[in-house]
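Sequences listed follow chains P and D, in order.
Sequential numbering from 1 applies to the first sequence in this note's numbering.
Sequential numbering from 1 applies to the second sequence in this note's numbering.
These are computed hints drawn from the structure, not numbers from a lab.
Hints are not guaranteed to be accurate.
When the alpha-carbon atoms are kept at most 27 angstroms apart in a straight line, the in silico BS3-like pairs for lysine-lysine are as follows [stated by the list, open to error]: (1) K6(P) x K319(D); (2) K120(P) x K50(P); (3) K77(P) x K50(P); (4) K393(D) x K43(P); (5) K393(D) x K120(P); (6) K237(D) x K211(D); (7) K91(D) x K171(D); (8) K393(D) x K19(P); (9) K121(P) x K77(P); (10) K237(D) x K220(D); (11) K193(D) x K95(D); (12) K393(D) x K121(P); (13) K121(P) x K53(P); (14) K173(D) x K220(D); (15) K50(P) x K74(P); (16) K43(P) x K121(P); (17) K6(P) x K5(D); (18) K256(D) x K5(D); (19) K53(P) x K120(P); (20) K94(D) x K171(D); (21) K393(D) x K53(P).
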Amino acid sequence: MLYSEKVMDHFRNPRNIGKMDDADAVGEVGNARCGDIMKMYLKIEDGIIKDVKFNTFGCASAIATSSIATEMIKGQKIEDALKLTNKAVVEALDGLPPAKIHCSVLAEEAVKAALADYYKKQGLPVDPSIFGCVDCESCGGCGV
Amino acid sequence: MIYLKTVYADNAATTPLCAEAFEAMKQSMLEDYANASSLHTPGQIAAAKVLEARREIAELIGANADEIYFTSGGTESDNWAITSAALRGEKQGKKHIISTAFEHHAVLHTLKDLERRGFDVTYLDVHSDGYVRPDELEKAIRADTCLVTVMYANNEIGTIQPIDEIGRICKEKKVCFHTDAVQAVGHLPINVKAQNIDMLSFSSHKFHGPKGIGALYCRKGIILANFMQGGAQEHGKRPGTVNTPAILGTAAALKKSCADMEKNARYVSDLRDRLIDSILTTIPRSRLNGGRSERLPGNASFCFEGIEGESLLLHLDLKGICGSSGSACTSGSLDPSHVLLALGLPHEIAHGSLRLTLSEYNTAEDVDRIISVLPQIVAMLRDMSPVWERIMKEENSDAVQ
Ligand SMILES: Cc1ncc(COP(=O)(O)O)c(C=O)c1O
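Use the sequences and the hints to build the structure in full.
Following this line, the structure appears as structure tokens:
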């Protein structure tokens, strides 16, 4: 099989799927030209991620990485969610094929893009050393 | 779990073996173990069977037995034909080749290799409908053109090229004409002599024959280059012990396919038309890739806006339906299929492609299953797609305006 059981489970039954009308922050990364877009919605109270929803256009691993990333940050403090790495996402999914690693990078970036949006709305500075380069280019996935 | 029969709708990738080929191979594997190059009686019996198969295969495409060279399949035949023609051209100072942008990689990568070696390749436009225009081919021919290679029918979108006209033009201009007929042989009537085809590649596993074998037809008088050195098999051009069972399996499969060709084409294209009509009417923002008129009987190739092909494919697989996609994720590269891009489709739409290819083994129930399952999967994936959300927003704001 191309994908682990975990990947297929999250692909088949994505967790926290959907949109959020009253989100406190929204982040979107990727582009349709490359074939992956992830959009993440956050509900934040007292510095804690109370609720997460996501929408993804992309392959099975794009759906699975965004799904598991929402599970990994739900209920977390903002500071802890910012520590989510693509490597942790890959490990949580019991691995990804080499050609699909960029999906995990995108999932990390989607979380950071949503949190950056929250910081901006709060008037807080968005430190690139923490948030990274939250745009498509930095995924290095497609070179567009 | 409810057991669901697999709906196999990926016949352009490969086809199930037919009973005739299986029987011929089974018997041959047990009986024809002797080397067809050996002088003893069992060897000569095997050789006679191979010759008979060669004759049958040749006749079914309008060739002579000594113009058929068995190979490991379509890829090898394409590589061999094109490189041989290029080497012949080079000797005469002719280093220009004409092809199309949507050939199979077996052709395209061979051409890229020749370009690195100083050849000039013109890639004809296949337009948004997926057909080469013969007048554009005629205009592209130069004094130094050594080869025209245009596929008989495209493997992804099923469009059948104007081979008769291309053959006529090449004959008139005295340019060698090769066609990759891997998707056509056994499915469409072919006569290499009447159609002025100088070289033709085919692969047995695309017409219910065994995998790993095919052939190159090469018109008498055209000299093929040797890529391997060895024994005298295939006129010394393609040495190696003859694969007797696979050759007999090929002949059996081709005989069956050609005998049933008209009946199969009618049956399969009826299934295909019902599939296409239903999908295009039930799924909004869907399109058929490639023109509808000159199309392989079994090919239905779609694009669905707002979704990505690999996830569509895997959801179909979970429902027991096998198809394929030209999305980047399934093509193994970061770009969607070069075939869909050659039609001028934007990347974002080409990512949402689905190819369903039927054969005479498919049933009306198979098509019903696809029709009942596919729209729901597309709707579910669109429901979670930010791209689809954007498309709907634009549509609504257009409607307001
Ligand atoms: C048009 C075309 N050419 C060449 C090939 C390669 O044939 P084979 O798999 O026999 O090498 C294929 C099949 O994949 C094909 O569809």
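Checked hints:
no.: 1; hint: K6(P) x K319(D); verdict: holds (19 angstroms)
no.: 2; hint: K120(P) x K50(P); verdict: holds (19 angstroms)
no.: 3; hint: K77(P) x K50(P); verdict: holds (9 angstroms)
no.: 4; hint: K393(D) x K43(P); verdict: holds (23 angstroms)
no.: 5; hint: K393(D) x K120(P); verdict: holds (25 angstroms)
no.: 6; hint: K237(D) x K211(D); verdict: holds (21 angstroms)
no.: 7; hint: K91(D) x K171(D); verdict: holds (20 angstroms)
no.: 8; hint: K393(D) x K19(P); verdict: holds (14 angstroms)
no.: 9; hint: K121(P) x K77(P); verdict: holds (17 angstroms)
no.: 10; hint: K237(D) x K220(D); verdict: holds (13 angstroms)
no.: 11; hint: K193(D) x K95(D); verdict: holds (26 angstroms)
no.: 12; hint: K393(D) x K121(P); verdict: holds (24 angstroms)
no.: 13; hint: K121(P) x K53(P); verdict: holds (19 angstroms)
no.: 14; hint: K173(D) x K220(D); verdict: holds (19 angstroms)
no.: 15; hint: K50(P) x K74(P); verdict: holds (6 angstroms)
no.: 16; hint: K43(P) x K121(P); verdict: holds (13 angstroms)
no.: 17; hint: K6(P) x K5(D); verdict: holds (25 angstroms)
no.: 18; hint: K256(D) x K5(D); verdict: holds (25 angstroms)
no.: 19; hint: K53(P) x K120(P); verdict: holds (20 angstroms)
no.: 20; hint: K94(D) x K171(D); verdict: holds (17 angstroms)
no.: 21; hint: K393(D) x K53(P); verdict: holds (20 angstroms)
Figure legend: structure checked against the earlier numbered hints; every hint is met.
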